[in-house]
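Visitor: Residue numbers (my numbering), protein chains in the order written: chain L, 1 to 319; chain R, 1 to 319.
In case anyone wonders, no lab produced these hints; they're calculated from the structure. Treat the hints with caution; some may be incorrect.
Just so you know, same-sequence chains aren't split out, so a pair can sit in one copy or run between any two.
Straight-line C-alpha distance at most 30 Å; calculated DSS-like pairs for lysine-lysine [said to hold, decoys possible]: (1) K42 - K9; (2) K187 - K283; (3) K245 - K283; (4) K257 - K100; (5) K42 - K12; (6) K99 - K259; (7) K256 - K12; (8) K257 - K273; (9) K245 - K259; (10) K9 - K126; (11) K126 - K256; (12) K283 - K257; (13) K187 - K100.
2 protein chains.
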Amino acid sequence: MSWYAPIVKEMKLVEAEIRSAVASDQETLTDICMHVIGAGGKRIRPGIAILAYKAVGGDSGPNIIGIAAAFELIHSATLIHDDINDIGETRRGRVAAYKKYGVQKALIAGDFLFVRSFRLGGYWNKESVETISNACTATAESEMLQSHYDFDPSTPENVYIAVITGKTARPIEAAARVGAYLGGATKEQVEALGAYGVNLGIAFQIIDDILDLDGTEKELGKTSGTDLTDGKATLPLQIAMADPKLGPSIAGVFRKKDKTRAEVEEALALALKTNAVERSRAKAREYAERAIATLAPLPSSPYKNALIELAEVVVSRRA
Amino acid sequence: MSWYAPIVKEMKLVEAEIRSAVASDQETLTDICMHVIGAGGKRIRPGIAILAYKAVGGDSGPNIIGIAAAFELIHSATLIHDDINDIGETRRGRVAAYKKYGVQKALIAGDFLFVRSFRLGGYWNKESVETISNACTATAESEMLQSHYDFDPSTPENVYIAVITGKTARPIEAAARVGAYLGGATKEQVEALGAYGVNLGIAFQIIDDILDLDGTEKELGKTSGTDLTDGKATLPLQIAMADPKLGPSIAGVFRKKDKTRAEVEEALALALKTNAVERSRAKAREYAERAIATLAPLPSSPYKNALIELAEVVVSRRA
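The shape of chain L in the complex, shown without the other chains (with noise of 0.2 Å):
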């Protein structure tokens, strides 16, 4: 069963909202923001802001559909700035936005799908808009923190976990937490659903780092390797990295500003022989399963089943 299956007609309303809100006069714009929407993408921001919403017995009232959306498009709107700044070849298996608009472009079309989506999920409440843009300021504060580390093969392992929090799990949290509390969830609900949201994002981004260092660029849609070709210390490289008898030659290719494809793929095939991607997963489905015992406070229901089923979807994943 596919997670999403109990919110299948909720989830096509968000692909038309999706569509819809980056309609724009200038083709380009909505060119480039479908090259990156319509691209796939797991839609698990929107799905989670509907699933919070359902198990909580929401079933009319504000528009969910419009807050949903508006969280794949701030989504879709980092992954394009993102590309811009990690340099990263491919993303969603198409060529990166930027690569094939160009920078001016690529930062407009970011720009614009910020904009958009402020406009869908702007104007229902002040905690909404709190939530999201809290959210929001999380991530661009982790991308900063992050970048004070890189290439820094000894980043500490609690920096990494600040990182992948606000980058990641803070989106997924406010997620919840907007779906939640639209849905007329009670506080402890809230607060159960947020904390589903930021152990289900940690998870998730952990296995996108250990998919980004053992898995192929077949599999991902995107380039692999590109943590450690742009010297981002993700957990599995600093497992890897502090293996006594292989970490120091991987951390001497970690290091290099400029380091050859080989090099890389040579690093990556090291890394491989430690147990950074075993270890990675354990720690990965410890937090899935956090999320899990998180949602008990809720009432039995497809709902809640699906938000179960996501976090084991999410840490068994290949791509």
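Model the placement of chain R on the given structure of chain L, informed by the hints.
Guide: Chain R in isolation, oriented as in the chain L frame:
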């Protein structure tokens, strides 16, 4: 008299609000924002929001200061991102943020400012959010429109007017409209102040584009000749390039993607020998006069006088 004399107190509160909005544990983020915001700037957008609010009798209720600050934050975000795109060397007398901090951090800081402005401006009501969001959309769309005409000496005047309306006039219009709306304006007053904002914005941008041609870097606080260098056919450049005698040489330089500073300065000197500056100033004055005329439906007040004064300052400024 300074145009903002009647709202000195409110403008101080706006400054405090701006500073508090950009506070962050990630000090680099705050530094980059303040590098741009703290360098001065005319604060026209927040000033107009407050003057519009006061001119229609607004004196309490929703937080006009926060909204006014939001307009300046959005403006600063676009300045930071624009500089990355335009490869501007200096801004407000300082080296451009991306030059000092790198493209990556400047990009993040711009996003951060967008997000913080959303928090300040986002939750008042549907009308304000839509007005602000539509203005930001127009900005992105007009930048895209402009990019289609890069290095094209025969860019038509109506494209130029459409571009500057989107990038400069619509945000100023939005500030005037939202200020009026929150101040309890009648529908007619909202329209009048909106029209004031559009016309003032166009006048402002034409003067800006003249200064890029005939101003010195010392006066401007930013690099001059950037439009010619970047191949942006502003009104004065359009007029200069249409000059029967000197135009073709100017257009020859304009069209080149790789031009030397010496070529740029030679072409600027030729442009100053045409009537481009004079005719562009006349056009700016037309728009400023139209802006002043739109204020007729407003009752007399120091705030209305200040809006008139501002329209005069805008077309007579040298920086």
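Visitor: All hints, please: hold or fail.
Guide: Each hint tested on the structure:
1. K42 - K9: within (16 Å within a copy, 50 Å between copies)
2. K187 - K283: Classified as within; 29 Å inside a copy, 59 Å across copies.
3. K245 - K283: Within one copy only: 22 Å inside a chain, 73 Å across chains, cut-off 30 Å.
4. K257 - K100: both (25 Å within a copy, 20 Å between copies)
5. K42 - K12: within (13 Å within a copy, 46 Å between copies)
6. K99 - K259: both (21 Å within a copy, 24 Å between copies)
7. K256 - K12: Classified as neither; 46 Å inside a copy, 48 Å across copies.
8. K257 - K273: Cα proximity of K257 and K273: one copy only (24 Å, versus 50 Å across).
9. K245 - K259: Result: close within a single copy only, 21 Å intra versus 54 Å inter.
10. K9 - K126: both (28 Å within a copy, 27 Å between copies)
11. K126 - K256: neither (46 Å within a copy, 50 Å between copies)
12. K283 - K257: The answer is within: 29 Å in one copy meets 30 Å, while 52 Å across copies does not.
13. K187 - K100: neither (46 Å within a copy, 45 Å between copies)
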